[in-house]
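Those protein sequences? They're chains A, B and C, same order as listed.
Read in order, the letters of the first sequence correspond to residues 612 to 896 in our numbering.
Read in order, the letters of the second sequence correspond to residues 6 to 377 in our numbering.
Read in order, the letters of the third sequence correspond to residues 854 to 1227 in our numbering.
Since the hints were made in silico from the structure, they are not lab data.
Watch out, some of these pointers could steer you wrong.
Below are the DSS-like pairs computed for lysine-lysine, each with C-alpha atoms no more than 27 Å apart in a straight line [claimed, not checked]: (1) B:LYS172 to A:LYS806; (2) A:LYS720 to B:LYS172; (3) C:LYS879 to C:LYS1083; (4) C:LYS960 to B:LYS357; (5) C:LYS978 to C:LYS1040; (6) C:LYS924 to C:LYS960; (7) C:LYS879 to C:LYS924; (8) C:LYS1083 to B:LYS172.
Quick caveat: nothing in here was measured; it's all calculated off a predicted structure.
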Amino acid sequence: MEHTSLIERILRGIALALVVVFFMFPLLWIFLMSFQTNETILSIPPQLFFTPTLQNYTALITGKLTSAAGTLDIAFMRNLWNSVFLSVTSVAVSLLLGVPAAYAFARHKFRGSEDIAFTLLSFRFAPPLLVLLPLTLYFQQLGLANTYFGLVWVYQLICLPLILWIVRGYFEDISADVEYAYRIAGHSWFATFRKIALPLAGPGIAAAGLLAFIFAWNNFVFALVLASADKQPVTVGALAFVTASGIQYGQIAAAIVLSIAPTLALALYAQRYLVEGLSLGAVKG
Amino acid sequence: MATLELHSIVKRFKDNTVLDDVSLAVDDGEILVLFGPSGAGKTVLLRLIAGVLDADAGRIVIDGEDMTGVDAEFRGVGMAFQNFALFPHMDAFANIATPLEARKTPRDAVRAGVESVARLLKIDHVLTHRPRALSNGQKQRTALARALVGSPPVLLLDDPLRNVDAKLRFEMRLELPRLLADRGATVIYVTQDYKEAMALGDRIAVMGQAGIRQIGTPEEIYLQPAGLDIARLFGDPTINLLDVRPSRDGQGIHVALSGTRVELPAAMEPSVGRACVAGLRPETLHFVKAGTKGAVPVTIEAETPLNEKTVTLARTRGGREILVSRPAGTPGPDHGEAFLAVDAGSVLMFDKASGERIAAGGPAAPRKRATA
Amino acid sequence: MKAAQLALSGVDKFYGPVDRGVHAVKSLTMQLDEGEIVALLGSSGCGKTSTLRMIAGFEAVSRGTISVAGKPVHELPPVRRNVAMAFEGYSLYPPLTVRENIAFALKAARLSQAEVDAKVNEIAKLLEIEDILQRYPSSISGGQQQRASLGRALVRSASLHLLDEPMGQLEPQLRAVLRGRIKHFIKERGLTAILVTHDQTEANALADRIAVMEGGVLQQFDTPTVIKEKPANLFTGTFVGEPPMNVFAADATLEGGRVRLDLPQGVSLTYPESEFAPQVRDRLRALRQVVIGVRPYAVRRTTDGVAASVATNQWLGDQTHIAADFAGGTIVLVEHDRARVGIGDTIGIGIQPRHLHIFDAATGEAVVHGMELA
Chain A
612 MEHTSLIERI
622 LRGIALALVV
632 VFFMFPLLWI
642 FLMSFQTNET
652 ILSIPPQLFF
662 TPTLQNYTAL
672 ITGKLTSAAG
682 TLDIAFMRNL
692 WNSVFLSVTS
702 VAVSLLLGVP
712 AAYAFARHKF
722 RGSEDIAFTL
732 LSFRFAPPLL
742 VLLPLTLYFQ
752 QLGLANTYFG
762 LVWVYQLICL
772 PLILWIVRGY
782 FEDISADVEY
792 AYRIAGHSWF
802 ATFRKIALPL
812 AGPGIAAAGL
822 LAFIFAWNNF
832 VFALVLASAD
842 KQPVTVGALA
852 FVTASGIQYG
862 QIAAAIVLSI
872 APTLALALYA
882 QRYLVEGLSL
892 GAVKG
Chain B
6 MATLELHSIV
16 KRFKDNTVLD
26 DVSLAVDDGE
36 ILVLFGPSGA
46 GKTVLLRLIA
56 GVLDADAGRI
66 VIDGEDMTGV
76 DAEFRGVGMA
86 FQNFALFPHM
96 DAFANIATPL
106 EARKTPRDAV
116 RAGVESVARL
126 LKIDHVLTHR
136 PRALSNGQKQ
146 RTALARALVG
156 SPPVLLLDDP
166 LRNVDAKLRF
176 EMRLELPRLL
186 ADRGATVIYV
196 TQDYKEAMAL
206 GDRIAVMGQA
216 GIRQIGTPEE
226 IYLQPAGLDI
236 ARLFGDPTIN
246 LLDVRPSRDG
256 QGIHVALSGT
266 RVELPAAMEP
276 SVGRACVAGL
286 RPETLHFVKA
296 GTKGAVPVTI
306 EAETPLNEKT
316 VTLARTRGGR
326 EILVSRPAGT
336 PGPDHGEAFL
346 AVDAGSVLMF
356 DKASGERIAA
366 GGPAAPRKRA
376 TA
Chain C
854 MKAAQLALSG
864 VDKFYGPVDR
874 GVHAVKSLTM
884 QLDEGEIVAL
894 LGSSGCGKTS
904 TLRMIAGFEA
914 VSRGTISVAG
924 KPVHELPPVR
934 RNVAMAFEGY
944 SLYPPLTVRE
954 NIAFALKAAR
964 LSQAEVDAKV
974 NEIAKLLEIE
984 DILQRYPSSI
994 SGGQQQRASL
1004 GRALVRSASL
1014 HLLDEPMGQL
1024 EPQLRAVLRG
1034 RIKHFIKERG
1044 LTAILVTHDQ
1054 TEANALADRI
1064 AVMEGGVLQQ
1074 FDTPTVIKEK
1084 PANLFTGTFV
1094 GEPPMNVFAA
1104 DATLEGGRVR
1114 LDLPQGVSLT
1124 YPESEFAPQV
1134 RDRLRALRQV
1144 VIGVRPYAVR
1154 RTTDGVAASV
1164 ATNQWLGDQT
1174 HIAADFAGGT
1184 IVLVEHDRAR
1194 VGIGDTIGIG
1204 IQPRHLHIFD
1214 AATGEAVVHG
1224 MELA
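Taking the hints into account, I'd like the entire structure generated from these sequences.
Pasting the structure below:
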């Protein structure tokens, strides 16, 4: 019945707390590490209390990596900017292409429409390594390697299927009668798309865009192969911290904090949309 | 303000033929009801007329103009949907205004038009509400207002009262005729409720078997149904159907019911000697005193009041059930034995094999209620 | 006097904490005699379903007691209450055929195979589901599922049969005859049944007594005839009856040996004072502001009545519904013949005092039925 006993509630609380600790601990630990020097990080036993330092963040922002062997120039801020630019542009292009396509797939069933939609989705399933080698060769011949244009193009492999499938689910959820009613009232199909379908699928489009942004941000392998230092996003740039004279844990931690901060903030802000978007679109489609 | 013609419409979904060679002509200002069970193709036909579905064959002509293949926004029809199909992100005012805005009506005229139709439908106090904040009845009225506001010459109403409660449905059923007559529109009205069909229709088209089974005035459909299936769809309680084989002797045509001889009019001639089904409407049967000539003996099983009527379930000597209805408050039989008088003039006779009505010559018998 | 088959005494239901949560059922007290059919009637959210679920044991009672056949049951689990239930959502067991579904409780009660078959066949014939007994629930229509679910509940022997919206999905052509058969079946076996419904037609057709609920409160509990002729308040009066009762606000005045009821737009109904009992006249004099109600079948067309313009005339085969503009609103008449009046025709509306219901405009409580005090 509707009553739960006190013990049940306490046990549930403990279980939830354990889950939270399990998932949140690494994040917390990295956050703490980013304010420590390499010496305090590597000391055994680990110190819970330490004098926080901002030197890791200063090193990143000024681009001077200090290690036992001396000072090294790194382009961390440049990488961060690359990440922002690549992710935002890719998602924008994907939305521009994917939302109308999703609408077409949702509303107009034509011969082979399912097959095309599924082929697009299969880009997400294919291991990136499979396409990487031919892609690199083509890109070099076409002069697209190491250009923002080329990277944004490749990022469509990540963003487009995601947006297409999530948004299509949202469009399918809109009652066709609602759109018919607008048509019969005397409006063109394009007006119906703009005034009825788009606003009603708004939350879904936002969720899909957000998710695509996170996936694009986290991408590593495409950028590793197709971009040189000045076009690299943070995910690839972080490799620079593994230096000949050792690994700069403190600076890595600070870099991680800086690079996950935007996505984390976005995800927290739009948590509700994300869950809705995933459960409505992807699962159903 | 417009006539509507359908010529040999065919519509298939995959291998399922929903409409097979349907032709129909609706007069200017007429209210035609499309009536039938769900799946009979009523809604599909409506959508073909609206232009949101395309027919596989046939032509649709509105006011002399061939509209086959013309996009929905250019057909100039108004439509109300069974599920209301309101735009959830717009308030009631914006919902109702959409047909006017499509025609680039000046803002003042839009406001005036929306407000006048809203007053007519008694929703002027909720125009700023979004659909989510409207009651079911208000949603239904908003949907209707949106269909009416542009004064379309052809109005398509797809079971608009289906999703509102009994009280509102009744209220709207009384209000609609005047509302529609004032607009002068040609109306196609889809319903599954025979009362709505009879109350609102100038003519009723009964749909079934991928086409129109019978089309006629409510009177024709109720008093002279083309077949058993149609007779069963009209009337509450449902018509009594009894297997009989009419025969003739020196005194005329008759059937045996519950071991009693029931005389039939001479017009029943074609049914003599055939396996037939007699249709007796519950309201044409009356309880009479024992010993009345031609009275059929029955046993009373249960009495169930039904909206200003009392319905009695009785059983004949042969074990067949008969429903009898009488105005509420009029005296009825006690439990146990009772006797029924059959109004011979109102008996409907159907061929058992085909289910078609065996035409009784002459006009429908005058229907007068004898007092029990 | 016979012991009550079901007795609810001061039953409260709160969703959430007692006294602070949502108060769904408010101190409900009612009794059913053995062999009685009672309908719990009300719109959604009136508390009828909560009440049913408390009787069945699916919902805890917040306060008060429930007893079945003289035995308190409100703390027993559902299976020990000896109550059979037909659910609104059919709820047949999907892996079992219709026959197995209906036979389920009978087999659990260790009846012999022959007895089980006989009972199942009988109820199947009554509900016209003989030809689908071997089918599975997923392959039959909604109406058939509902009939099967009804069969499963009726076939059991139990102290109490609970039927939750049992006929809402039924095919319209079958409704009238099934109502008759089910009522006959229940009466013949002397079963005690509670029917929960929002459909007043269903309640009137089947029930010996109707319990009208609204806002968690029992409004009236009486026979259909009494509820129709003497509704306790405006809610009951307008909720029960189809077409619904005509109601108009009115000012009551007594002068010159006449009772005058002033309706909106200058319409007034006057009756000789002698038509009303003296106590009625006193109450009317004290109240002044009233609401009058008259059932559609009681409104008559008379030559000397109040003139009204016909708005619509709808013939339904066996009844005619006429609506006319009257006192700033609409008045509805039901006639059992085919009325030959056209739209726009003027008719005279006659309301006899013995058909008048008068309610207190402030509280909605009934004051007068016919010429007598309520």
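Open item on the list: Need the status of pair LYS879 (chain C), LYS924 (chain C): alpha-carbon distance at most 27 Å?
Closed with: holds (22 Å)
Task: Straight-line alpha-carbon gap LYS1083 (chain C) to LYS172 (chain B), limit 27 Å - done: The hint holds at about 20 Å.
TODO: Would you check the hint for LYS720 (chain A) and LYS172 (chain B), treating anything up to 27 Å between C-alpha atoms as holding?
DONE: Violated, at roughly 41 Å.
- [ ] Sort out whether LYS960 (chain C) lies within 27 Å of LYS924 (chain C), counting only the CA atoms.
- [x] holds (26 Å)
Task: Proposed proximity, LYS1040 (chain C) with LYS978 (chain C) (alpha carbon, max 27 Å) - done: Holds, at about 17 Å.
Open item on the list: Next pair to validate is LYS172 (chain B) with LYS806 (chain A); report whether the Cα-Cα distance is within 27 Å.
Closed with: violated (35 Å)
Task: Given pair status - LYS1083 (chain C), LYS879 (chain C), alpha carbons within 27 Å - done: holds (23 Å)
Open item on the list: Check whether the Cα positions of LYS960 (chain C) and LYS357 (chain B) lie no farther apart than 27 Å.
Closed with: With a Cα-Cα distance of about 41 Å, the restraint between LYS960 (chain C) and LYS357 (chain B) is violated, given a limit of 27 Å.
The structure shown violates the earlier hints numbered 1, 2, 4.
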